[in-house]
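Asks: Sequence:
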Amino acid sequence: MKHVNWTVGWAALDYSSSRPFPAERGTCLACYRLAAVAQIFNLLYRRVQLCDTAEYNSALQRGAKGTLSVVALLSALILPARLLAQKEVDITHTGEIKRIPISLEGYSGEVLSVLRFDLEIQGFEITTADKAQYLVSGNNNSSVVGRLTDRINKASLLAKEYTGGTPRSEAHSLSDDIVEKITSRKGIARTKIAFKAENGSNSEIYVADYDDGYNAIAVTQDHTITRDPAWVPGRRMLYYTSYKAGNPDIYSHDLQSGTRRTFARYPGLNSGAALSPDGRQVAMVLSKGGSPDIYVQDADGSNLRQLTKTKEAESSPCWSPDGQTICFSSRAQGASALFLVSVNGGSMRRLGTAGAGNCTEPDWSPDGKTIVFTRLAGDFEICVAPASGGSVTPLVAGEDPSWGPNSRTVIFTRRVKGKRVVSLLDVPTKQTKDVQQTSGSCSQPSWAR
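Using our numbering, read the sequence shown as starting at 26 and increasing by one per residue.
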C-alpha cells in the first residue's frame, strides 16, 4: 500500500491507496497501452470540438470497450497542426478603461512587490505621488502599516496596522482593504488557485496563492495524467480527473482533512467536473452512453441524470450563479458553439456569440453578467459575451479562462516560447501579469470562489 502525506499551507493532505502507481505496473503491455491512450486523450480531448465528431465518437466507444489500438486512436483524433498551434504573442497592457493612479511610499522588498502586484492586476497604475489620485504611505519595519489618502478630495480613507501574519500576508490584507475602500468591491489578494503542472508525460494538480504562485504545493502525487481541477465554492476542496486507476475518473479531494474519494468511475471518459454554486451538485462530461454528454450528479454520488444526448461531443460545463442553468460547448449545430440547458432538463439552446465561432471553455462570472470563453480564430483567444448572448469582446490570446471571485479578473493560460504559462488578466484594462510557475508547463487554472 502506498501512503502519501504532504502539506498545502492551510492543511496536511493525506490519502492512502491500494492501487499501484503506473511506475509499479511492471512490463504489463495492457498498462503501457492504457498509458499511451491516456496521453493522447490528454493532448486532444480539449480540442475534440474541432475534429471530426463521428470519428471521435467511434473511437471513444471502441476505447471504452478496451479494443482501441493506439494507432487507431491517433488516426481518428489527430488534428491539423495549424489548429493546435498558438503563436507566441505579446499581450497588450492597455485597454479602453483607464487605470486608477496610485502611489506607494515607505515600503520595500517583498511587501512592496506584493502591493504592486495586487494593485496592478485589479485596475491600478503605480505612479508618483504628484500624478496619483490615491496615496498609500506606511512602512514594513516590524509589521505592515498602511495609510490611504484621496489626494484630490483631501480625504483620509484608511489608517491601519497589520499584525499576526507574515509580511506577505499582511501586505495582501492591506491591498484588499485599499481595493475595497476605493472601488467598493472585495479584493482578491488572499484567494487561492489550482492548476495542472506537467512533468514530462505526467501531470499533477497544484494549489497556490493567486498572485505569483507563491506556496505552490502538489495536491496529487499520482505519477500519471491528472487534470481539470475545479473548486467547491466556499470550501478547501477540489474535484479533478486522474488516470491513476488506468481510466479517466473523477475524484473529490478535501484539502483540510486530506480525504480523497472516487466520485465518477463510469466506463469511458469521466471529466470536466464543475460544482454548483451551493456545492451540492456536480456537472461533468461522461461518455458511458457513447459520445461525451453533459450529466449532473448530487455531490453524495446519487441521482445521476443526463442533460444532453447528441451524436456530437459536449465539453466544459459551467454553472450560472443561481444554480439553474449550465453553459457548455457542443458541435451539435456544426462548428463548436456555446449552449445552455436547464439543470432540471429540457432542450439545449444556443447562446448567441455574434462575431465569434469555434467557441469552447465557457466560465460564468460570479455576478451573473458575463461569460468568458475560448474561441479559435487562427489562434486561441479569450473573449467575453453577455450571459444573455450578444456581441463578443475579444480580450487576449490564450485559453483555459476562469473568473476570479470579483467578476473582474480572469486567470488563463498563454504560451511563451513553447511553454504554457498561467497568467492573470484585468478585463476592463487588459492589464496582465504572469503567475510564477513550478517547473514545466502549467495550465487549466481554476480560481477558488
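Calculated directly from the structure, the hints in this document are not laboratory data. Incorrect hints may have been included.
Derived CB-CB ranges, DEER-like [what the hints assert, rightly or not]:
no., residue 1, residue 2, range
1, R330, Q158, 30 to 40 Å
2, A154, R290, 19 to 29 Å
3, R330, S162, 24 to 34 Å
4, I151, H248, 22 to 32 Å
5, S367, R260, 17 to 27 Å
6, K123, T284, 46 to 56 Å
Only a predicted model underlies this, so the values are computations on that prediction, with no experimental measurement involved. We put the CB at the ideal spot given by N, CA and C, even for glycine.
Asks: Does each hint fit the structure? Answer for all of them.
Replies: Hint check:
no., hint, verdict
1, R330 <-> Q158: 30 to 40 Å, "violated (53 Å)"
2, A154 <-> R290: 19 to 29 Å, "violated (60 Å)"
3, R330 <-> S162: 24 to 34 Å, "violated (57 Å)"
4, I151 <-> H248: 22 to 32 Å, "violated (43 Å)"
5, S367 <-> R260: 17 to 27 Å, "holds (25 Å)"
6, K123 <-> T284: 46 to 56 Å, "holds (48 Å)"
Taken one by one, the earlier hints fail for this structure at numbers 1, 2, 3 and 4, listed in ascending order.
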